[in-house]
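**Q** As they're listed, the protein sequences go chains A and B.
Here the first sequence is numbered in this note's numbering, starting from 788 and rising by one per residue.
Here the second sequence is numbered in this note's numbering, starting from 3 and rising by one per residue.
It should be emphasised that the hints constitute simulated quantities derived from the structure, not laboratory data.
One or more hints might be untrue.
Ranges between beta-carbon positions, derived for each pair [unchecked claim]:
1. Arg821/A to Pro196/B: 44 to 50 Å
2. Ile793/A to Leu139/B: 17 to 23 Å
3. Asn115/B to His819/A: 25 to 31 Å
4. Ala867/A to Leu148/B: 26 to 32 Å
5. Leu43/B to Val851/A: 35 to 41 Å
6. Ala215/B to Val812/A: 39 to 45 Å
7. Val862/A to Arg214/B: 14 to 20 Å
8. Gln823/A to Leu148/B: 25 to 31 Å
9. Val866/A to Arg214/B: 46 to 52 Å
10. Leu148/B to Val822/A: 21 to 27 Å
Here are the simulated DSS-like pairs of lysine-lysine, each with C-alpha atoms no more than 30 Å apart in a straight line [said to hold, decoys possible]:
11. Lys6/B to Lys868/A
12. Lys175/B to Lys868/A
13. Lys6/B to Lys89/B
14. Lys6/B to Lys117/B
15. Lys149/B to Lys848/A
16. Lys149/B to Lys846/A
17. Lys117/B to Lys89/B
18. Lys6/B to Lys149/B
19. Lys94/B to Lys117/B
This structure is a prediction, so every number in the text was calculated from the model and none was measured.
Glycine included, C-beta positions come from ideal geometry on N, C-alpha and C.
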Amino acid sequence: MSIYWITALGTSAACFLFKYLGHSVPESWLAHPRVQRINVLIPVALLSALVAVQAFTDKTKLVVDHRMAGVSFAVAAFVAKLPFPVAVFGAAIVSALVYRLS
Amino acid sequence: MSVKRDSLSLSFAVGVYGAAFGAASVAAHFSVLQTCAISLLTFSGASQFAAVGVVGAGGGAFSAIATGALLGTRNGLYAVRMAPLLKVRGAKRIVAAQITIDESTGVALAQNNEKDSRTGFWWTGFGVFIFWNIFTLIGAVSAGLLKDPAAYGLDALVPAAFVGLVWPRLNSKRSYYLAAFAFVFALSLVPYVPAGIPIISTALLAILMGWRA
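Produce the complete structure using the sequences and hints provided.
**A** Given below as structure tokens:
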């Protein structure tokens, strides 16, 4: 099986497991404030790391290229409270323009 | 009934993001079939973007699955909140589990009574599921027609989507510090460790930071 299928099915299985377990365990099990706090923070850490790696690296090198223009647009759009699709597809357009011009 | 109307309009708005996922996944070299399978079976936006993002950056399947799974843990906590309201068993519980996501839980918990909560949960869950999968297919097929993804900005689409996913979560001093720290920490690891590890290792920062109140 290719890495693509393993990733697709593995991620699906893991995500479903968490959803199903949550419906099946007593509420008190996960009520600990520490569990709640860490649960809120994990996405913040992973998503920030994903922004960094997806925008500023190429394999094992740190790079600044056309993607930074796109991501900067996205940040500006979210600051301006524009809707998600506008910010994300706008970022793609800005990045593509810089890529084609350089 | 306004719960149903609200659920459906939210579902459509959220479902449109599926096109961004479809495009991002194909840009990360997943096939259209694999991309659609992820949206149908994983059905959790952040986890999906993360898994294909890690593979797209050269990471292994284990890092991709672990990162996607960690982003999926919150659905489990939503399920804990929803279970006493839904009171479902057997096959119905399996269906309820699959559509337990940010939006279905959010709409359910925003209602004033249990009946509306249940309606909001099911309508939003199914609504997002339908639109998310339709738009995933549209995004994947469209992106597959492009020869050089960078020329259409698809390589910037993914990090931009992650900005959008993290943005509403930056609501405390702690979350700002953690975001900045994780950003720098991941970049500092990139030259030295295999792809995927810099991302998943920032979960440790979250655990350390969340340990104390």
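**Q** Against each hint, give a clear statement of whether it holds in the structure.
**A** Here is how each hint holds up against the structure:
Judged by the Cβ atoms, the range 44 to 50 Å given for arginine 821/A and proline 196/B is violated: they are separated by roughly 30 Å. Our hint of 17 to 23 Å for isoleucine 793/A and leucine 139/B holds, since their Cβ atoms are close to 22 Å apart. At about 29 Å, the beta-carbon gap between asparagine 115/B and histidine 819/A stays in the expected band of 25 to 31 Å. For the hinted restraint 26 to 32 Å between alanine 867/A and leucine 148/B, the CB-CB distance of approximately 28 Å keeps it satisfied.
As the Cβ distance of leucine 43/B to valine 851/A is approximately 36 Å, the hint placing it in 35 to 41 Å holds. Here the CB-CB span from alanine 215/B to valine 812/A is close to 24 Å, at odds with the stated 39 to 45 Å. A C-beta distance of roughly 30 Å is found between valine 862/A and arginine 214/B, which places it outside the suggested range of 14 to 20 Å. About 43 Å separates the C-beta atoms of glutamine 823/A and leucine 148/B, a value inconsistent with the hinted range of 25 to 31 Å.
Taking the beta carbon of each, valine 866/A and arginine 214/B are about 31 Å apart, not inside 46 to 52 Å as hinted. Between leucine 148/B and valine 822/A the beta carbon distance is about 43 Å. The supplied range of 21 to 27 Å is therefore violated. Proposed proximity of lysine 6/B and lysine 868/A is supported: the alpha carbons are some 26 Å apart, at most 30 Å. In summary, the hint linking lysine 175/B to lysine 868/A is supported, as the alpha carbons are separated by about 20 Å, within the 30 Å threshold.
For the suggested pair lysine 6/B and lysine 89/B, the alpha carbons sit about 20 Å apart, so the restraint of at most 30 Å is met. A hinted pair counts as satisfied when its Cα atoms are at most 30 Å apart, and lysine 6/B with lysine 117/B qualifies at roughly 12 Å. Proximity of lysine 149/B to lysine 848/A is assessed by CA-CA distance (about 24 Å); at most 30 Å being required, the pair is judged to hold. Among the hinted pairs, lysine 149/B with lysine 846/A is consistent with the structure: their alpha-carbon atoms are about 21 Å apart, no more than 30 Å.
Using a Cα cut-off of 30 Å, the hinted pair lysine 117/B and lysine 89/B holds, with the two alpha carbons roughly 12 Å apart. A distance of roughly 41 Å separates the Cα atoms of lysine 6/B and lysine 149/B; the hinted pair therefore is violated under the 30 Å criterion. For a cut-off of 30 Å, the pair hint linking lysine 94/B to lysine 117/B stands: about 17 Å separates their Cα positions.
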